Amino acid sequence: MAIATRRRPFHHARFLQPRLPAFWLYLVLLVSTGLVAVAQQAVFRDAAPGGFALSWLLLAIYALPVFVLVYLLDLYEREPISLMVAAFLWGAVVATTLSAIGNGGWGLVVARVGGPEFAARWTAALTAPFVEETMKGLGVVMVYLIARDEFDDVMDGFVYGAVCGLGFAIVEDVVYFAVAFGGGIGGVLQGFFLRVVASGLYSHVLYTGLVGMGVGIVVSRRSTESRGRRLRRAAGLCGVAVFAHLLWNSPLLDLFPDQPWTGRDWAVIPLATAVKGLPLLIFVAIAVVLARRRERRWLHDALSSEVSRDGVTPEELRLLEAPRLRRDARRTMRRRAGARAASVLRRLQREQMNLAMATSRAADPGDPAVADQRDLCRSLRDALRAIPGAAPAESGGIDG
Amino acid sequence: MNASIGTTQPRRPDEAVPLPPARRWISPLIVLLVIVAVVAGGYLVYGVLSEPAGPAVMIEGVVSVQPLSGWEVAGRGGIDGHGYTRLSRGSGTLDVVAWDPVADAATLALAYRTALRSQLSQLQASDELQPVSLRDGTSGVRFRYVGVVAGTGATVEGQATCVVSPGGVGVVFDGWAPEGMLAFVDGDIDTMVDRAVLD
Chain R
-8 MAIATRRRPF HHARFLQPRL PAFWLYLVLL VSTGLVAVAQ QAVFRDAAPG
42 GFALSWLLLA IYALPVFVLV YLLDLYEREP ISLMVAAFLW GAVVATTLSA
92 IGNGGWGLVV ARVGGPEFAA RWTAALTAPF VEETMKGLGV VMVYLIARDE
142 FDDVMDGFVY GAVCGLGFAI VEDVVYFAVA FGGGIGGVLQ GFFLRVVASG
192 LYSHVLYTGL VGMGVGIVVS RRSTESRGRR LRRAAGLCGV AVFAHLLWNS
242 PLLDLFPDQP WTGRDWAVIP LATAVKGLPL LIFVAIAVVL ARRRERRWLH
292 DALSSEVSRD GVTPEELRLL EAPRLRRDAR RTMRRRAGAR AASVLRRLQR
342 EQMNLAMATS RAADPGDPAV ADQRDLCRSL RDALRAIPGA APAESGGIDG
Chain G
263 MNASIGTTQP RRPDEAVPLP PARRWISPLI VLLVIVAVVA GGYLVYGVLS
313 EPAGPAVMIE GVVSVQPLSG WEVAGRGGID GHGYTRLSRG SGTLDVVAWD
363 PVADAATLAL AYRTALRSQL SQLQASDELQ PVSLRDGTSG VRFRYVGVVA
413 GTGATVEGQA TCVVSPGGVG VVFDGWAPEG MLAFVDGDID TMVDRAVLD
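Read top to bottom, the protein sequences are chains R and G. All letters in the first sequence, in the order written, are residues -8 to 391 by my numbering. All letters in the second sequence, in the order written, are residues 263 to 461 by my numbering.
Simulated from the structure, these hints should not be mistaken for laboratory data. None of the values given here were measured: they were computed from a predicted structure. Any given hint could turn out to be false.
[What the hints assert, rightly or not] Residues from chain R that face chain G, not an exhaustive set, calculated with beta carbons under 8 Å:
no., residue
1, 12
2, 16
3, 18
4, 22
5, 93
6, 106
Just so you know, even glycine gets a beta-carbon here, dropped at the ideal spot from N, CA and C.
Turn these sequences into a full structure, and let the hints steer you where they fit.
In structure tokens form, the structure reads like this:
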């Protein structure tokens, strides 16, 4: 059918941008820190091969669903996988390596100023939140500099930030399993329970997600908010992330049982981590819900004018605004008219999202690119209606 | 007629406005500067804060050590018949030991490790001797150890830096602290050892 091939897919920025200095800076930093990171991992592998393999296996089981979850959080315009992988690698390789060096230097300052006893209690709290959030946040900034087109809203910043934080958390966990928990099978299992099962919901994914939201506010709301307001809001989000990280690393609210841990202690540990981490999780959940509501309003505003121009029908717009209804419509279509019809409907929904992107950025609804996109949506709808069983009057997502 | 017609594609509405080539460099350079500031800043600030405080301490006429602020002379004593001066800050300690004349730093390290066995039970010392060089060019070796203080049962960790003075006398800088605390004093210890002056 002609609709699938007559027009190349709507624009998505790629990671490979050899004309941009930011791309080359990213590559240089990734390669140079990668050499250090690989050497460090080799040391862990040689010291305890079984524990090392188990570490990566367990962390992969944790990381994969979190990566997918974060990817799916952006309801209306999924981010390119290549850019998400770039953010992940920055967190896993560049941010961890540079943070280790930076933390060492600022740790010396804390010890110099406060003395060894103070430093033993407070170094982790007074260094890592500032150094690590900066390094991870710069990963989001680098993704933006490489692919400015992809930062349309706060949720985009959250997605890249959370993935960057996930990469950081994974490599940091491997280091902790090897160094702090001994690297053996038993130590790795202990470390996994403490740092992932009991704490995995509260850590770097949330911190850097917030920082990413701050970056998203600064770069995506230029036309609607003053620079001062954007910077204040971004600083607020980054401040919450740093404070939450500081609180997590500090001796305050420390309800952990004394070591060595015995049977009942293992039940207390998740409660101890929840006391420090749950408030942040709730804060981030609210921030994400608000950001998604904002995206939904944006989608409605962007496509409302297209209803009269036939880019989208009122029923299609209603379904587009609710991801669950969107999925239900595709399922219904599959039952009613088969897999091909469901596939065309999926394509129609995606192109209507792209139409929303185009209308929100074009000053004139008659912009040739908007008109072209509108035509594509029309042709997809026509193609769908031509499939037997795909066009009932009342339901299925292609009313008309 | 625009000369570029036919050679450039019109910009789609979902594409960001491209930056002029010169401006493309500014943001990455700022990112690079922030990275350098955060990664190297701590070491620079530490260097500024590590100024000597008070007069230098001379040990057995062989070596003088300049305490950093917060460090003070906590006493003098002997280990295995050799005199030392103890500097301390909180739970961190630096014992500067004037040894006998020795052939080289590695021999001194072996001798000092033996002396430590009389002080600490369950002593575990690193087999590898790490080469070090002081600021004045004196070369030496360093090893780390963990042991339990006889009598108290407290576990301590330390690092002993062994050098030989120009006059052939062995000098040991033994920095130690309760287990887990050495990481918070070894920066100061390294700085004072590095700046020691051997006679």
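Results of checking the hints against the structure:
Below 8 Å, beta-carbon pairs count as interface contacts, and residue 12/R has one with chain G at about 5 Å; its hint therefore holds. Here the hint on residue 16/R is kept, as its CB sits about 4 Å from the closest CB of chain G, short of 8 Å. Checking residue 18/R against chain G by beta carbon gives a least distance of about 11 Å; that is not within 8 Å, so the hint is violated. Using the Cβ-Cβ criterion of 8 Å, the hint placing residue 22/R at the interface with chain G is not satisfied: the shortest such distance is roughly 15 Å.
Because the smallest distance between the Cβ of residue 93/R and any Cβ of chain G comes to about 4 Å, under 8 Å, the interface hint for this residue holds. At a threshold of 8 Å, the smallest CB-CB gap from residue 106/R to chain G is about 5 Å, leaving the interface hint in force.
In terms of the numbered hints stated before, the structure departs from hints 3, 4, listed from lowest to highest.
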